[in-house]
Amino acid sequence: MIYLFLVLSILTFLLFGFDKNAARMNQWRIPEKVLLGLSILGGAVGGLLGMQVFRHKTRKNYFWIILIAAACVHLFLVVTL
18 MIYLFLVLSI LTFLLFGFDK NAARMNQWRI PEKVLLGLSI LGGAVGGLLG
68 MQVFRHKTRK NYFWIILIAA ACVHLFLVVT L
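Following the working numbering, the numbering of the sequence shown begins with 18 at its first residue and continues without gaps.
Quick caveat, the hints were computed from the structure, so don't treat them as lab data. If you're wondering where the values come from, they're calculated on a predicted model, not measured in any experiment. There may be inaccurate statements among the hints.
Claimed, not checked - In silico PhoX-like links for lysine-lysine, alpha-carbon gap of 20 Å or less:
#, residue 1, residue 2
1, Lys37, Lys74
2, Lys77, Lys50
3, Lys37, Lys50
4, Lys74, Lys50
Take the sequences, apply the hints, and build the full model.
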């Protein structure tokens, strides 16, 4: 399970960076549903890091709430399983 969270976190982190770059270049963007979905499925840590490193989606409170909640659930799962 830890490997799943690791892979999804790396993927989510990279997608946050890709989306930030696409926003700067006025190109095709990654839908928010994809970023949030991957974060919920296991990439919350990568999503939180991506928000901070790339300064992307940091003004959207629902991103913060969803990613922090998902990270807490993921941490609970890792500790208990």
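Checklist entry - Checked against the structure, which of the hints given earlier come out wrong? => result none
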